[in-house]
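Trainee: Use the sequences and the hints to build the structure in full.
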Amino acid sequence: MLNSLLALAQQPRIAPTEGDFWFPPQASSFASKIDSDYYFIYWVSAFFVLVIAGVLVLFTLKYHSKKNPKAERTSTHNTPLELAWSILPGIVLLYMFVLGFEGYTDLRTPPSNAVNVDVTAQKWAWTFTYPNGVVHDELHVEKDQPIQLTLSSVDVLHSFWVAAFRTKMDAVPGRYTKLWFTPTMTGEFWAQCTEYCGTNHSNMRAKVVVHEPGGLAKWLAVEGDPHGGGRTPAQAGEKIYKIQGCAACHTLDGSKLTGPSFKGLFGRQEQMLDGSTITADENYIRESILNPQAKIVSGYGPVSAMPTFQGRVKDNDIAALIAFLRTVK
Amino acid sequence: MSSTTATHAPPQAGVNYLNARRGLLSWVFTLDHKRIGIMYLVGVMGAFLLGGVFALKLRTELLTVGKTIMDADTYNQAFTLHGAVMVFLFIIPGIPAALGNFCLPLMLGAKDVAFPRLNLMSFHLWMFGAIFFVIVLLTGGLDTGWTFYTPYSTTTTTSVIWAVMGAFILGFSSIFTGLNFIVTIHKMRPPGMTFFKMPLFLWGLYATALIQILATPVLGITLLLLAIERAFKLGIFDATLGGDPVLFQHFFWFYSHPAVYIMILPAFAVISELIAVHSRKEIFGYKFIGLSSVAIAVIGFVVWGHHMFVSGQSQMASIVFSFLTFFVAIPSAIKVFNWLATLYKGSIRINTPMLYALGFIWLFTIGGVTGLFLSTMSTDVHLHDTYFVVAHFHYVMVAGTLWGFLGGLHHWWPKITGKMYHDGVGMFASITAFIGFNLTFFPQFIMGTRGMPRRYYDYLEEFQFLHVLSTVGAYVLAVGLFMVLFLLIHSLMKGKKAPDNPWGAASLEWQTATPPITENFHETPKAGNPYAVYDFEYDPQTGDYKRVAFSDATH
Chain A
1 MLNSLLALAQ
11 QPRIAPTEGD
21 FWFPPQASSF
31 ASKIDSDYYF
41 IYWVSAFFVL
51 VIAGVLVLFT
61 LKYHSKKNPK
71 AERTSTHNTP
81 LELAWSILPG
91 IVLLYMFVLG
101 FEGYTDLRTP
111 PSNAVNVDVT
121 AQKWAWTFTY
131 PNGVVHDELH
141 VEKDQPIQLT
151 LSSVDVLHSF
161 WVAAFRTKMD
171 AVPGRYTKLW
181 FTPTMTGEFW
191 AQCTEYCGTN
201 HSNMRAKVVV
211 HEPGGLAKWL
221 AVEGDPHGGG
231 RTPAQAGEKI
241 YKIQGCAACH
251 TLDGSKLTGP
261 SFKGLFGRQE
271 QMLDGSTITA
281 DENYIRESIL
291 NPQAKIVSGY
301 GPVSAMPTFQ
311 GRVKDNDIAA
321 LIAFLRTVK
Chain B
330 MSSTTATHAP
340 PQAGVNYLNA
350 RRGLLSWVFT
360 LDHKRIGIMY
370 LVGVMGAFLL
380 GGVFALKLRT
390 ELLTVGKTIM
400 DADTYNQAFT
410 LHGAVMVFLF
420 IIPGIPAALG
430 NFCLPLMLGA
440 KDVAFPRLNL
450 MSFHLWMFGA
460 IFFVIVLLTG
470 GLDTGWTFYT
480 PYSTTTTTSV
490 IWAVMGAFIL
500 GFSSIFTGLN
510 FIVTIHKMRP
520 PGMTFFKMPL
530 FLWGLYATAL
540 IQILATPVLG
550 ITLLLLAIER
560 AFKLGIFDAT
570 LGGDPVLFQH
580 FFWFYSHPAV
590 YIMILPAFAV
600 ISELIAVHSR
610 KEIFGYKFIG
620 LSSVAIAVIG
630 FVVWGHHMFV
640 SGQSQMASIV
650 FSFLTFFVAI
660 PSAIKVFNWL
670 ATLYKGSIRI
680 NTPMLYALGF
690 IWLFTIGGVT
700 GLFLSTMSTD
710 VHLHDTYFVV
720 AHFHYVMVAG
730 TLWGFLGGLH
740 HWWPKITGKM
750 YHDGVGMFAS
760 ITAFIGFNLT
770 FFPQFIMGTR
780 GMPRRYYDYL
790 EEFQFLHVLS
800 TVGAYVLAVG
810 LFMVLFLLIH
820 SLMKGKKAPD
830 NPWGAASLEW
840 QTATPPITEN
850 FHETPKAGNP
860 YAVYDFEYDP
870 QTGDYKRVAF
880 SDATH
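As given, the protein sequences belong to chains A and B, one line each in that order.
According to our numbering, the residues represented by the first sequence are 1 to 329, in order.
According to our numbering, the residues represented by the second sequence are 330 to 884, in order.
Since the hints were made in silico from the structure, they are not lab data.
Mixed in with the good hints there might be a few duds.
To be verified - Derived pair list, reagent style DSS-like, types lysine-lysine, alpha-carbon separation capped at 30 Å: (1) B/LYS855 x A/LYS70; (2) B/LYS826 x A/LYS67; (3) A/LYS33 x A/LYS143; (4) B/LYS396 x A/LYS329; (5) A/LYS33 x A/LYS70; (6) A/LYS67 x B/LYS875; (7) A/LYS239 x A/LYS256.
Stated by the list, open to error - Quick list of simulated restraints, FRET-style, between CB atoms: (8) B/LEU620 x A/TYR39: 31 to 37 Å; (9) A/TYR39 x B/LYS562: 48 to 54 Å; (10) B/GLY571 x A/THR79: 51 to 57 Å.
Ideal Cβ positions, reconstructed from N, Cα and C, are used throughout, including at glycine.
Mentor: Structure representation (structure tokens):
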């Protein structure tokens, strides 16, 4: 309950937007084609299910043993008939394959004008690196601009899915995978993790915001640099805390998730797993960010689930985080 | 053969395989396939109960957004153990090892399987593997999902090694059973029974056994590699050690997709028996049904990559796997059409086994057609790893295997136990379970398409209504299944004595005493047409069917 409340508090709810009985809204250029493939299969399936169920019920009623006490010996096989009901559905199946093939080729072939955004998956957060170097926990894009995402994972398998875009790709440690889409509707959508990744798998969501053309530059100017915009180091640190996904495991209200809460942490004496006691000072915080396995707090572990942030955060980011932690009392 | 009824007047009246020997050890170390079948039956039903308790815990947790009764880690363990227990301990051994063990030698008119000691060893290995899973439960659980995907499974702190060793051992149990069945079918058919005169249940078991011995070793090796990687940090699947996580998925599904057919082929085969016997008709299209089992087994080996369209597997591989996957649909459809043709102009008896068979056709058809959405690549990319997939494979594996298992259990129950059960209660339980099942899983198709990923502890509010429907359905299903349990226990204690051939079936297992003697038959019976139900006439005085003619197979 706490996890979900926390997630609610951190991420404003997105109202379920339009869509039909089966589908969420069609917000990418793929959606109408994929939905029509789906409905083709749906109606073929409905036809066969209804015919089979109809015949089943009809025969069961008509030839019920009370009505028909003696079975009639009909022929036990009929090769032309059996070949017909093997081959004719086969043709429909072949057509389904072709539909899927076309759609899949499209899903896997980004156009040359697609803008690349790097996506890093970790337990349990997504971070997005924009072409200008901005790093953020939300994916902001513009309507009608093709986007290519280059996915990687720092720990286990994850999978990036935006249901409204109808596309999905695994993030695999040790390799890069790609996914692309062209948003066709402005608004806010969820990207969800669909490859099981542990404790907070179900809250590993990122907000995807589709702006009108030109809107992205404005957003980047305001939100792009956590240190900019006249923010104090502590305010910058708070932004970095969200952007880098720290919030997935470290709360600010004292409740315990996968990692210790940051509430009142700075300057406190902490009991370590190996029995020693240390003070949570600047050096300890820096070391924990760059080498999470070095010191594990008693009650956690034995191995930290946290990936290293070596190379992912800069010195001024760490300084800002420390400044922020000083304020979390 | 027409003299069987006369010859089975036993030298010692009332002695059968159940009471010939007494005491616990006479069961634990028995070589009798029928007793081994019963021990499996008790074992797999125990496993099913355990897996079912996990399922109910999961559904209860999902009643509300956020925490309902357990925290996220407990939930992750519960869905893992639900899947692992159901797959490895119930669905895979369910029909072949329990019902198959009991029926196969009887259907062949044989005394036992080819290797009775190996058969007993299979069961002991099953118990041993099951103990490993109990150890997992007691030593920190398991939270990897039943699929053990790396690198999660090589980095989690839960009892992965115990679990994979358990599955490894269960794999050998499965391989030995398959081997035994193949040899038995090849070498021990009675005079007059060619391959094309076997009951279709044996065709199903034969095709299943082929997969068991060819695919299961790959699972064994894969799980061993996983254990070695975990224990000794050898880089095979873990990228940080230089391995490749996608390789694990290839290895895993190379077994686990064919394993889907280990689960469903025996159920198909049970349904073929049930439909023919209870509609009083010879099965329609015998050869197409029998050969379609083998076709499914063979094609099933080359479609595993359809689990990996979004895994990072090459596009070319995905396209080929999608194409091949559609071919599995054809033999599955053939069976459904043939069953319907069998019903035509029959004299359909609506009783408990038949209700399961008819329910199976409806449920499996839905499970089958929803597979088309997942073999079509464009729609699969959207639906992969959502509740749509959860609903699809439950329609195939639960509705398929469980309905086949329960239908078969009610069908052969009189032969196994010598007791009848209350048919009205049996039908009521079957209908209750059927309604509960559809209520549980149909809403999940909608949820998945609308955007609900699987293996989620928590979910967005918009999905709550469908989750509540699904949970209510699960309770209804549970009520139906508990009714089955009480029905069968009641039958054991108070059931009427069963006649030798209460359904008027023509296959050999019904042509001996009920319950059979330890040696099954006093003399090797002559095999005729296993579907010549018209050779039998009901005798209202004894409630038994009497043979009035003998027809040879015409296939």
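Trainee: Hint by hint, which ones does the structure fall short of?
Mentor: 5
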